Amino acid sequence: MPGKTHKYGMVIDVDRCTGCGACMIACAAENNVAPAPPRATERTGITPMRVERVSNRAALADRQERFLPVLCMQCGHETPCVSVCPQQAVEVDRESGIVFQMPQRCLGCRYCMTACPYHARYFNWWDPSWPAGMENTLNPGVAPRMRGVVEKCNFCHARLQSAHDKAAAAGKTEIDSADYVPACVEACPTGAITFGDLADASSEVAREARDPRSFRLLPKLGTEPKVYYRSDLAWVRELAEHGGASPDSEPSERRL
Amino acid sequence: MGLTRRDFLTLGIGAAAAVPLTPIPWKLLDDTAKWSQNWSWIPRPPRGERSVRYGTCTLCPAGCGIQARCVGKNLIGIAPVAAHPVSHGALCPYAFGAHQLPYHPARITQPLRHGNPASLDTVVAEIAARAKAGAFAILDERPGRAVSAAYQRLAAAHGGLYLVADHTETTTLQHFADGSGRNLADLGLALENVRTLVSFGAPVLESWATPGRVFALWKSGQLEIVQVEAELSKSAALASQWLPARAGSETYLASLLAGAIGIAEAAERTGVRSDKLAGAMRFIHDRGPWLAVSGGGFPLAVEQSIAGLNAGSGAIVARAASSAAGARLARVPDASAGARLSTVPDASVDARLSHVPDASVDVLFIDHGLLGGSVSFDSLRSKVRRGGIVVSLSPYRAGVAALANFVIPTPAFAESLDEAPTPWDAVSPSYALAPALLDPPAGATTALDFINRVTGGDLPPEAAIRAKVGSLFAARRGEVFTFADRATRPVTEFKSAPDLFKAFSTGACWIDRDAKTVAVNYRPVSAGPEARVVAPTRGTAISPPLFTKLDQESRIGRA
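So the protein lines, in turn, are chains A and B. When we follow the numbering used here, the leftmost residue of the first sequence carries the number 1, and every step to the right adds one. When we follow the numbering used here, the leftmost residue of the second sequence carries the number 1001, and every step to the right adds one.
If you're looking for bench data, these hints aren't it; they were derived computationally from the structure. Model, not experiment: these values are computed from the prediction. Mixed in with the good hints there might be a few duds.
What the hints assert, rightly or not - Short, incomplete list of chain B residues facing chain A, as computed with Cβ under 7 Å:
# : residue
1 : Thr1004
2 : Ala1018
3 : Val1019
4 : Ile1042
5 : Pro1043
6 : Asn1074
7 : Pro1498
8 : Lys1549
9 : Glu1553
Unchecked claim - The following residues of chain A were derived to be distant from chain B, with all beta-carbon distances above 12 Å:
#  : residue
10 : Pro37
11 : Thr41
12 : Thr44
13 : Cys109
14 : His164
15 : Lys172
16 : Glu174
17 : Pro189
18 : Arg213
19 : Phe215
20 : Arg216
Stated by the list, open to error - Pairwise CB distance ranges, derived in the manner of DEER restraints:
#  : chain 1 : residue 1 : chain 2 : residue 2 : range
21 : A       : Gln64     : B       : Gly1288   : 21 to 31 Å
22 : B       : Gln1222   : A       : Pro219    : 30 to 40 Å
23 : A       : Gln64     : B       : Pro1299   : 29 to 39 Å
24 : A       : Arg39     : B       : Ala1475   : 49 to 59 Å
25 : B       : Val1052   : A       : Asp127    : 28 to 38 Å
26 : B       : Asp1485   : A       : Gln64     : 39 to 49 Å
27 : A       : Thr114    : B       : Arg1489   : 39 to 49 Å
Built from N, CA and C at the ideal position, the CB exists for glycine as well.
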């Protein structure tokens, strides 16, 4: 019998993000993402959570910058990566709303990377490799991915599984929301990321998502992301609206 | 009845049609998938019982509470401790990769003599002979610990010097210490009493001071930032006001804040638009009490003018009376040692590296801490006489240890019992222990054990730490926050010093919120050998391997 349907999502307060990168490190540690081999670059590295630096592109004296953590948006409608995958290696989980990437099915064609408008997918160009002994620090809840497959953020699905196990052991059918907190949310030192069930209108994340200052990236595409952002700055919201691509934009800005 | 061709075909076709309805193909697919993900060269995570252990991060002086996720004896992840009285549930990126530090490629497990492996006995004998024959000094990159007090005792007993490093983070406090004649370790920043932090290049939102404390005040809106910096740093980007003063012109902004010059002159000198300057001045003064801090690296006169902005503000305080006694206790392992230490002149108790004359030391021991330290080799080498030696006590061959004459391998993160004394910016004295969660590799020895062997000292690190905990128990002040149950109770509720030590060993933090403070007055020290410019000491010798995510695989860079 299927359980209650959830719609996990998050709201990221851009004005509170200090760009420290704690979320990136915590994400990599939790999900057994290996340190980069020497040849890896910004384009070939694996950062399921990636903090981008964006600016209003004003002259230096009036320039403003913010940090925008970008991860899989967990698109809720016409999910681009799902529709293009020839292997059915990407699925939207009905119970959680999470877009799952199954590396076992992935053949590495990278159509999904092309289709993703948020550049939130990463290809394993190399087999994962850790310095000697460091394999002892890997999280047994997550299998390291091999060379040749695509991966992305899955809202720390292993933690959701652990929360389900804990609930089942206690004879419950529903998890305690405190038991399911993705690594990036837990790591943020300023509490800039709020996570929870968007389907629960009374949840903090749902309330924040309804805040007039909240927005989503590239809403015109109609992908209904479950990751929201929030900022008091009009230029940040405008950047999200249009993607910020212009011939003179910085490479980091073009990524949006 | 014989088997006909028709029967055979019927069975075959029927079986083929039924196979998809059995688990066989799905099992095959599943097994193939698993097989294709489990090549022998793909590392396999450890297996074992899962548990959570609590401790304190000692990578920097902030002393943040951590929960270590373990599988068997292995650490597989670090997470913050919510409601921690010092870190306020925050951790920096270093802490999240800390569990991988013991396996850093630069890790050493054998002493090095001029870059070549040597036995510990050989190294001890050679260094001991040189230390006896000449002047030695111990540079402590993590002062304030019970172990630091043991260093002080050793230095005092054997005619050596105990030194602390000059860190750019504490530049403004160092000037207050020099001007007031107080120990740097007794001073703190009353951030809770100010509304605006005027930062002259200090990375105030980039893991500066105790990050959790700064972030808590900043995100609540209680503390706003005005950043004076030529570059648009991360702190400048997030500041309420960014004043992009030309490099070298910061002194004019200090003069403007002091009321010595007008906005027009400041605008002309600094290159910042006058309307922006006027807005920032209004912002600062309208909000109320403010504190100016320096990021270091400025000429002495500029540093002094920045420090002078806080004169009479009450924002820089000293832990006084009973709390100062508490701070003093932090350096004294036991009551009898207090008498011996009191014979040591104050100058040698908190002597800073920059105060030591050049070419005056024959053997310089450096306790680098867990990240290989941040002091530059040049600033150390200049203090050592020709023919003298630098002995680096570090888990890694990196930074100073890569250039030192001798390198002694010490335990890495979570491999030995460690301490987190009061952070440099704190107002309330605090103390926590970081229990050993991993076994150190054979060959690693703690810095104090090694210096004991060389100098003939006899106080092992754990005894020094237990004595410190004993002194906290005897003082019967403050409260203890235990991580596992997030409960706070007064020290007086603990039955004995070992009981308190046990609580510390399983994750606890002592803090004395009622400690009294007194405002410190600033008096600039005239330029001379006692007042040198502190060279910038940012960064650490090593960082967790996962920092490639920040440095190489993205453009965000590290804080």
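Between A:Gln64 and B:Gly1288, does the C-beta distance stay in 21 to 31 Å? Holds, at about 25 Å.
Residue hint B:Pro1498, partner chain A, criterion CB-CB below 7 Å: 32 Å, violated
Is the interface hint for B:Asn1074 satisfied, with its Cβ closer than 7 Å to some Cβ of chain A? Holds - the Cβ of B:Asn1074 comes within 7 Å of chain A, reaching about 4 Å at its closest.
For A:Arg213, is the shortest beta carbon distance to chain B beyond 12 Å? Check passes; 15 Å lies beyond 12 Å.
For A:Thr41, which was marked as not at the interface, is the minimum beta-carbon distance to chain B over 12 Å? Not fine: 7 Å to the nearest Cβ puts A:Thr41 too close to chain B.
Would the non-interface assignment of A:Glu174 survive a Cβ cutoff of 12 Å against chain B? It holds; A:Glu174 is separated from chain B by about 22 Å at its closest Cβ, greater than 12 Å.
Restraint outcome when B:Lys1549 is required to lie within 7 Å of chain A by C-beta distance: 5 Å, holds
Separation of A:Phe215 from chain B, once the least beta-carbon distance is taken, above 12 Å: 19 Å, holds
Taking the beta carbons of A:Gln64 and B:Pro1299, is their distance inside 29 to 39 Å? Roughly 31 Å apart at Cβ, these two residues keep to the hinted range, so it holds.
Let me know if the C-beta of B:Ile1042 comes in closer than 7 Å to any C-beta of chain A, holds or violated. Hint on B:Ile1042: holds, closest Cβ of chain A at ~6 Å, below 7 Å.
Cut-off 7 Å, beta-carbon criterion: hint that B:Val1019 touches chain A: 20 Å, violated
Is it true that the C-beta distance of B:Gln1222 to A:Pro219 lies inside 30 to 40 Å, as the hint says? 34 Å, holds
Violation of the numbered hints given earlier is confined to hints 1, 2, 3, 7, 10, 11, 12, 17, 27; the remaining hints are satisfied by the structure.
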